[in-house]
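These protein sequences, in sequence, are chains E and G.
Just so you know, our numbering puts 980 at position 9 of the first sequence, and the rest follows in order with no gaps.
Just so you know, our numbering puts 184 at position 135 of the second sequence, and the rest follows in order with no gaps.
Everything labelled a hint here was simulated from the structure, so no lab data went into it.
One should not assume that every hint holds.
Partner residues aside, some chain E positions facing chain G, computed with beta carbon under 7 Å [said to hold, decoys possible]:
1. K1166
2. Q1167
3. D1180
Just the calculated beta-carbon pair ranges, DEER-fashion [unchecked claim]:
4. E/E1249 / G/K303: 51 to 57 Å
5. E/P1159 / G/W536: 33 to 39 Å
6. G/T274 / E/P1159: 56 to 62 Å
None of the values given here were measured: they were computed from a predicted structure.
For each residue, glycine too, the CB sits at the ideal point set by N, CA and C.
Below, each chain spelled out in residue letters.
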Amino acid sequence: MPVDIPKDKWPGAVRTITLGATPAEGGTRARTVTVGGEKALPYMHFEAEMPYRPVIALEIKDRRPDDWSPLLLEEWGEAASDPASWAKAAEAAGADLLVLALSLTGADGQPTTPAAAVAAAKAVLAASGLPLIVFGPGQAEADNTLLLAVAEATKGERLALGICEDKNYRTIVAAALANDHLVTARTPMDVNLAKQLNILISDMGLPLDRILMDPTTGALGYGIEYGYSVMERLRLAALQGDAMTQFPMIVTPGFEAWKAKEAKVGQGVPAEWGNWRERAITWETLTAVTLLESGADIVVLRHPESVRRVRAAIDDLMTAPVTA
Amino acid sequence: MTHLVTFDAALEPVRVPTGTLLSEAARLAGLNLMQPCGGQGRCGRCAVRIIAGSARRRSSLRLSADDVAAGWALACQTVVEGDVTVAVPPQESIERRLTTDRTAREVVAPPGYDPIRDQTIRRLNLTLPPPSLDDQTDDWSRLQTAIRQESGLAVTRLDLDLLRRLGRILREGEWQVTAVVEDGPAEARLIDLRSGHTPVEAPLWGAAIDIGTTTVTLWLVDLLTGRVAAQVAEYNGQIARGEDVISRIIYASKNNGGQELQQLVLETITALLEAACARVGVSPSEVVKATFAGNSTMIHLLLGIPAESIRLMPFVTAVNHVPPLTGRDIGLPIHPAAAVDCLPGVASYVGADITAGVLSSGLDDAEAATLFIDIGTNGETVLGNREWLLTCACSAGPAFEGAGVLHGMRATRGAIEEVWINGATYEPTFRVIGGVPPRGLCGSGLISLLAEMFLTGVVDKGGHINTTLPTPRVRVGDHGPEYVVAWAAESATGSDIVITAVDIDNLLRAKAAIYAGFSVLADSIGMPLADVDRVLVGGSFGQYINVEKAVEIGLLPDIPWERFSFLGNTAVRGAYLALLDRAARERVRAIASRLTYIELSADNRFYEAFTSALFLPHTDLSRFPTVQAARAT
């Protein structure tokens, strides 16, 4: 007996946003990445085509991150000590794009200088043709100084600069505006706050196709349900036509999962928890896949094996099993 | 092509080209028109009247259709298109006629007030037959008979202390005495007895008192005429022990905190009583009746009743209808036998301030759907009409009463009550209560300031100060980014008067709580805010609140201005009406029984509504069409 699958028709759609610029477009990237464009809830292929696959970014640092899990440092080996090598390794591991996260201080304990930040960004751009996202260290003053310098030095590359927050967005947005970049707007797991920051950023005149929103999330077991529900509500608002929520979503499951005790700690945990490496990768993968199902367009990961597994999941999700 | 522009206030007409602004023509004619907003057509202070001739209004934002029909035009927004004759009114008359500057009503006694019919307190001049061997009736019975004959009241009670002095008073006055009696709810009672008669026109004093979480207000009233002889207000002495009711309750439950809080509020009321009585030259002990309004926590703390249960599930008060009390019970320096009446509350968070406010607003008898918003520390809201009444309360904090803000103050002399900011130079102009050098900012000044900062881009929609603006007024101080409203040289305090980022956060939270409160209340019965016929605004704002600016920051709903009325402090006015009129007092009881309370803490829509209102004017801009339009110009 034929079954009629009920279909929702939505008045709104997520904006289509392209990261990176090829030489023809004024940049140096070998290729660009386009996300967004959804006209239905995630993977409801029978309601509307999902024009762009969700993409995977790998996070690399400007210097060896001593606070990262030994599992990650072991995996990346010597590459983690040099941003250019790390970028190459990340591209080889299957990343669609890269996130360069700047450190607050250099190896000598002194604050990272704008020159050092620019050098790291340029080295990454030279080593890999993937589009690039650059995150500041997460401290307002340092973010502003470093990102401004990076933005100017990489004019036209259509990088995404982050992280804009409601208390600190002006300088980063101005830098993006002046140098043809994008921004990521991060808010702490709240639909209204997300919308408010998007309004503030667009009030500065940044075109709406240059904003990614990061609604923040928690790792599996650390509040992911809440993050999931906020993302789902943001996406529902976007599909219902709320212009200030119609931005592709970027989330950082790698950062979140590798903070969790289950991924971070290998000793002094119950034996039933099993193999540490397997557990940590599973934690990152499950966090990422869950967020993809709630509408994430870009997931930022840390472990190459997680990239492979999440990519397999995306392949599955993008295969439309039901047609009508 | 040039045209002749004639100003009535100028000596000579001036000749200007087509398209010249009237404000420019006025300058050429040697006139100095006020333009606090910098000629952006926002403040309405440059309004002039076109008597004859041709001019075109580019914008008439602050003018009503009637104003325009009468020839009013904003000089900074009106261009000369032919010969024109213009009348320049005196500045004060402009300020008076601006449509949104609503003034509080004068306090007038309720029409037809009849103390013999309405008042529970009577003062009787009595002449008693002296006792004799033929008439050995005891003194008390003799007095009771005289009172009954004079007033029909069967007085059955008096204080033992007065009974001890009774015989002496009667004999000292040679059987001519003045009796003050209360026709109380249960029985008639002798409050006071004095030798000799009292002139009938002499006042009989009562007090209406509103104990706000932040501000205590007292009106000294002649019970015989209803005249308000003095209005005084002061911050509640309990503020230092917690800014909101919850922290007060917690403080009260520790050690002797309850006793201390009771003492603090009694001290505040005593000081107000003494100040009010000193103004009319009487002793506080002359006050024979006092009526209190206040939220449930304030009433509990006043009476020294443990308030802990208000805070804890399932949120019950010890008492909603406080039985009749006396001056001696309550510990104030009023007459020891004075009648003390605490108006009834409804629930833990719907106290006598709301029931009194509803009485004062007349909402319970309104035909039309009316929204009553009390802009105070507990943002209480009532929506309804004569058929139904819904209420809710949300903790807004004391910012709109000028507390919890670095340079905030009450709406008294020296308070900046309205501000305009020039959009090109970011220089402010302000008006100070009493026309003296400023000491700080009161609630209406803060609302006005925030609206102007928003409209001129000193703050963004998130309320963050834009520290990159080219003006020394914006700087980073000890409390983070701040905007200087008045320099030390022009202030009465000798230091700069500023508004800080922290102050703005507090104001935003306060306005968001109030907006969320009434929007959820309206939503709970499926009523769009646009369908509200009247909005009554209460609060301790001094003279007035600028509705337009309150809408611009998203404190009040964006509906036509003419639907708003500003009522001032409605709680004390309600207490005043109940103090005077027993029918009004009965009506408060009826209101208390009719109010349906919506518990916002149990409503998950509230938090959602709150965070979306935590923006200027609101995250959902479509709720504020006129603000959107004003920003676009």
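What are the numbers of the hints that this structure violates, sorted from low to high?
-> Going through the list in order, the structure violates hint 3 alone and respects the others.
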